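Q: On the provided structure of chain A, position chain B as indicated by the hints.
2 protein chains.
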Amino acid sequence: MYRYPRALEKLIHKLTQIPGIGRKTAQRIAFHVISMDEKKVKEIADAFLKARKNTRTCSICHNLSESDPCDICASKDRDSTKLCVVEKPIDVAAIESTGVFNGKYHVLGGVISAMDGVGAEDLNISDLGDRIKREGIKEVIIALNPTHEGEITAHYLISLLSNYKINITRIGIGLPIGGSLEYTDFVTIAEAIRSRKKIK
Amino acid sequence: MYRYPRALEKLIHKLTQIPGIGRKTAQRIAFHVISMDEKKVKEIADAFLKARKNTRTCSICHNLSESDPCDICASKDRDSTKLCVVEKPIDVAAIESTGVFNGKYHVLGGVISAMDGVGAEDLNISDLGDRIKREGIKEVIIALNPTHEGEITAHYLISLLSNYKINITRIGIGLPIGGSLEYTDFVTIAEAIRSRKKIK
Numbered sequence: 101m102y103r104y105p106r107a108l109e110k111l112i113h114k115l116t117q118i119p120g121i122g123r124k125t126a127q128r129i130a131f132h133v134i135s136m137d138e139k140k141v142k143e144i145a146d147a148f149l150k151a152r153k154n155t156r157t158c159s160i161c162h163n164l165s166e167s168d169p170c171d172i173c174a175s176k177d178r179d180s181t182k183l184c185v186v187e188k189p190i191d192v193a194a195i196e197s198t199g200v201f202n203g204k205y206h207v208l209g210g211v212i213s214a215m216d217g218v219g220a221e222d223l224n225i226s227d228l229g230d231r232i233k234r235e236g237i238k239e240v241i242i243a244l245n246p247t248h249e250g251e252i253t254a255h256y257l258i259s260l261l262s263n264y265k266i267n268i269t270r271i272g273i274g275l276p277i278g279g280s281l282e283y284t285d286f287v288t289i290a291e292a293i294r295s296r297k298k299i300k
Numbered sequence: 101m102y103r104y105p106r107a108l109e110k111l112i113h114k115l116t117q118i119p120g121i122g123r124k125t126a127q128r129i130a131f132h133v134i135s136m137d138e139k140k141v142k143e144i145a146d147a148f149l150k151a152r153k154n155t156r157t158c159s160i161c162h163n164l165s166e167s168d169p170c171d172i173c174a175s176k177d178r179d180s181t182k183l184c185v186v187e188k189p190i191d192v193a194a195i196e197s198t199g200v201f202n203g204k205y206h207v208l209g210g211v212i213s214a215m216d217g218v219g220a221e222d223l224n225i226s227d228l229g230d231r232i233k234r235e236g237i238k239e240v241i242i243a244l245n246p247t248h249e250g251e252i253t254a255h256y257l258i259s260l261l262s263n264y265k266i267n268i269t270r271i272g273i274g275l276p277i278g279g280s281l282e283y284t285d286f287v288t289i290a291e292a293i294r295s296r297k298k299i300k
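In order, the protein sequences belong to chains A and B.
In terms of the working numbering, the first sequence opens at residue 101 and continues consecutively.
In terms of the working numbering, the second sequence opens at residue 101 and continues consecutively.
Calculated directly from the structure, the hints in this document are not laboratory data.
Model, not experiment: these values are computed from the prediction.
Any given hint might turn out to be false.
[Claimed, not checked] With the Cβ distance kept under 10 Å, some of the chain A side facing chain B (calculated, not the full set):
1) H113
2) R152
3) K153
4) R156
5) L164
6) E166
7) I190
8) R270
[Claimed, not checked] Distance condition first, Cα-Cα at most 20 Å in a straight line; then the derived PhoX-like pairs of lysine-lysine:
9) A:K139 / B:K298
10) A:K142 / B:K153
11) B:K124 / B:K110
12) B:K114 / A:K150
13) B:K140 / A:K110
14) B:K150 / A:K150
15) A:K110 / B:K139
16) A:K238 / A:K182
17) A:K150 / A:K114
18) A:K265 / A:K233
19) B:K114 / A:K142
Where is the CB? At the ideal position from N, CA and C, for every residue including glycine.
Just chain A, with the same shape it has in the complex (with noise of 0.2 Å):
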């Protein structure tokens, strides 16, 4: 069978050992690596390891951050008394990159699943009560994503955090900005008309 030179099919091999990098984009990457300066390549090389060194999770909320505390865990501008779970740190880029949301985030590090053997004690959870008392937190927004693993989870944390003297909120589901009824699945469908709101 033919092959890429060593080096390159090496590369490729390497790169789509990365979960959701298919052949396709492993080999794009390396094509256009091969016709990089090597000093640019030097860097990507370097990007790498530095990201992997140099980055580490905040010892409060679990998200990702350069130092310990992480900067939304010791800022004094943010709300304390609002806290927002989420699954993993993309979530927390997402959430503020929309600029609404001015409290604090734990992280949970991912959701329950019995399929991938992923128990409530294998993510950050136990420490939710005592930040709750701690941080005199009033509301927990749970954000996880309207997955069926998720809405476990949400119901695990639920009654969970249910002694607690606090409101309990979940994001909203339905019809994405620019969506259609047609091209949406009928389960989102179904929440939308469930989670109505009430116009007039």
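A: Chain B alone, transformed into the frame defined by chain A:
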């Protein structure tokens, strides 16, 4: 604006500079990398450097190679009377994977494109005539992609090679296996009808 930790942001930025890698893919790679063993990350970084360093271009066919001449050009088992002209090294891999071609290759390194400012002089065209004479080539198979630029380049090659006593052929255009008329663009359908074959 919220940012990921600097080193992570830098890796994402570096990756998005690679054509065809969007921010989502770059994030996926970066987030995976920071969760990996430091040793594994080192392996990826090394793979980048080595791919750049150890991949060269064959001075005969201009395909990517570890050696010069490349294995295909150096092979005694290949039919050197047939020369397949392609745009890029990735096209050689695609044709080799079929196993139906046992001739040699010539990689142009692109196609003529007024839009991108690529002229015939920017491609590996000038040595094509020499190869035909020196290697005793009897058939040149033009296997450029069926795009506007591919057509222009094909016509340029055909007029350039018309004085040589060789056959010039082109790969077939038509519906892909498993395709359907319903979902095929009309230009392809028109070409498929024009290039129909007599069965009986």
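Q: Confirm or reject each hint.
A: Hint-by-hint comparison with the structure:
no.	hint	verdict
1	H113	holds, 8 Å
2	R152	holds, 4 Å
3	K153	holds, 7 Å
4	R156	holds, 8 Å
5	L164	holds, 6 Å
6	E166	holds, 4 Å
7	I190	holds, 6 Å
8	R270	violated, 22 Å
9	A:K139 / B:K298	violated, 56 Å
10	A:K142 / B:K153	holds, 11 Å
11	B:K124 / B:K110	holds, 14 Å
12	B:K114 / A:K150	holds, 12 Å
13	B:K140 / A:K110	holds, 13 Å
14	B:K150 / A:K150	holds, 19 Å
15	A:K110 / B:K139	holds, 16 Å
16	A:K238 / A:K182	holds, 6 Å
17	A:K150 / A:K114	holds, 18 Å
18	A:K265 / A:K233	holds, 10 Å
19	B:K114 / A:K142	holds, 11 Å
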